[in-house]
Amino acid sequence: DAKTTQPPSMDCAEGRAANLPCNHSTISGNEYVYWYRQIHSQGPQYIIHGLKNNETNEMASLIITQDRKSSTLILPHATLRDTAVYYCIVRVGHDYKLSFGAGTTVTVRA
Amino acid sequence: GAGVSQTPSNKVTEKGKYVELRCDPISGHTALYWYRQSLGQGPEFLIYFQGTGAADDSGLPNDRFFAVRPEGSVSTLKIQRTERGDSAVYLCASSPNTDREEAFFGQGTRLTVV
Chain A
1 DAKTTQPPSM
11 DCAEGRAANL
21 PCNHSTISGN
31 EYVYWYRQIH
41 SQGPQYIIHG
51 LKNNETNEMA
61 SLIITQDRKS
71 STLILPHATL
81 RDTAVYYCIV
91 RVGHDYKLSF
101 GAGTTVTVRA
Chain L
1 GAGVSQTPSN
11 KVTEKGKYVE
21 LRCDPISGHT
31 ALYWYRQSLG
41 QGPEFLIYFQ
51 GTGAADDSGL
61 PNDRFFAVRP
71 EGSVSTLKIQ
81 RTERGDSAVY
91 LCASSPNTDR
101 EEAFFGQGTR
111 LTVV
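In the order they appear, the protein sequences are chains A and L.
Just so we're aligned: the first sequence equals residues 1 to 110 in my numbering.
Just so we're aligned: the second sequence equals residues 1 to 114 in my numbering.
It should be emphasised that the hints constitute simulated quantities derived from the structure, not laboratory data.
Treat the hints loosely; a few may be bogus.
Derived DEER-like restraints, expressed as beta-carbon distance ranges [to be verified]:
id, chain 1, residue 1, chain 2, residue 2, range
1, A, Ile39, L, Thr7, 16 to 24 Å
2, L, Asp63, A, Asn30, 20 to 28 Å
3, A, Asp11, L, Asn97, 33 to 41 Å
4, L, Lys17, A, Ser41, 22 to 30 Å
5, L, Gln50, A, Gly101, 21 to 29 Å
6, L, Pro96, A, Ile63, 26 to 34 Å
7, L, Gly16, A, Glu58, 45 to 53 Å
8, A, Leu51, L, Val12, 38 to 46 Å
9, L, Lys17, A, Gly15, 43 to 51 Å
10, A, Asp67, L, Glu102, 21 to 29 Å
11, A, Gln66, L, Val68, 23 to 31 Å
Idealized CB from N, CA, C, for every residue including glycine.
Next up, chain L with everything else stripped away, as it sits in the complex (with noise of 0.2 Å):
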């Protein structure tokens, strides 16, 4: 596919649990961002990537969240002993680098706590 792609496009799972969204850029992207989006709001900025290093993670709410990027091309996120305060819509976007570049959506990773 020609758009980033967001697995998986629904999530449900028991409050405690663990989980994992991953995210593939479109191809020769170097930037990769997360966002999260709750009911109603506008999307809020979580973590930046250039390459595979986090440039930025000073939107995660706290140290259950936890993104990665090994090879500079698929991104988890990753939260740890969920709450019913995570649910959201978690998007993911990249770009070919940062200056003035458009920044290309994901279908986003809808996840329920319950």
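Chain A with its partners taken away, still in its complex shape (with noise of 0.2 Å):
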């Protein structure tokens, strides 16, 4: 009952924008997305969460579409260190369990 949809992976040059999609057609009013990384051999790592209105932190920017039923994660300058598995995840706002897809393989190429 996957509630997002990523392409399995994607390769991104160093030093140009990384955009990450993920489609969560079904998404009710009261979800928000959150993206997680996991670089291999350690635990998930979050990145950035919203509701509505595009974020943007340190690490990322999350723009969401107006019907929010997709989304994209943009990494502005991608280093080999970004390479990781990227997961897209809608969550209740209260609730607190993280139900994590396959994600996206991101490979950073330099």
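Fit chain to chain and form the complex, with the hints in mind.
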């Protein structure tokens, strides 16, 4: 019962922006969009989350479409250390569970 | 340390043995979670603690799995009569509370049952 759809893999050139898409066409009004990433042999790391508005922090930007059915995570200047599996998760605000799908394996190439 | 600490980092055990996996959450975090990650898959929820009590253990696969958090800080995941299918990375995470707070994950314990 995956709530999100992500491409299985994508490549990105070092120093360029990486745009990671996520579809969540059945998202409910009280569900947030979260992004985590998992670098090889490490635990998942929180990146960013949002409800309706676009969000930006020191790691990334999150662009959510007006109908909220899809979103894009933007890594503005990808580095080799950004190579990881990126997970897009929808989560009700008060829910404690994170439901990880398969994610997108992002490979940043020099 | 400032992060979530899990010990051991690796554990190899024989089929049928009992194992304990330990998680030290970030100090002051009341919420604690255990997840399991099989090779090539995303983490799957096992159990959630709020303070000392297990608020939701619906993700535990069967009654061979049990977890405790007696003083509301350190947690131990216990697996009895281990099976080869239990081999996975067991991840622990903590957060200050559950309301839209990010979860901080440890490095995980890689369990191999031979």
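For each hint, the structure was consulted:
For the hinted restraint 16 to 24 Å between Ile39/A and Thr7/L, the CB-CB distance of approximately 20 Å keeps it satisfied. A hinted range of 20 to 28 Å is violated for the C-beta pair Asp63/L and Asn30/A, which are about 34 Å apart. For the pair Asp11/A and Asn97/L, the beta carbons lie near 38 Å from each other, so the given range of 33 to 41 Å is met. Restraint check, Lys17/L to Ser41/A: a C-beta distance of roughly 25 Å satisfies the suggested window 22 to 30 Å.
For the hinted restraint 21 to 29 Å between Gln50/L and Gly101/A, the CB-CB distance of approximately 25 Å keeps it satisfied. About 27 Å separates the C-beta atoms of Pro96/L and Ile63/A, a value consistent with the hinted range of 26 to 34 Å. For Gly16/L paired with Glu58/A, a C-beta distance near 48 Å keeps the hint of 45 to 53 Å intact. Distance hint check for Leu51/A and Val12/L: the Cβ-Cβ separation is about 44 Å, which falls inside the suggested range of 38 to 46 Å.
Against the hinted window of 43 to 51 Å, the Cβ-Cβ separation of Lys17/L and Gly15/A comes to about 50 Å, which satisfies the hint. The hint said 21 to 29 Å for the Cβ distance between Asp67/A and Glu102/L, and at roughly 26 Å that hint holds. Hint check: Gln66/A to Val68/L, Cβ distance near 46 Å, so the stated range 23 to 31 Å is violated.
Hint violations for this structure: numbers 2 and 11, all remaining hints satisfied.
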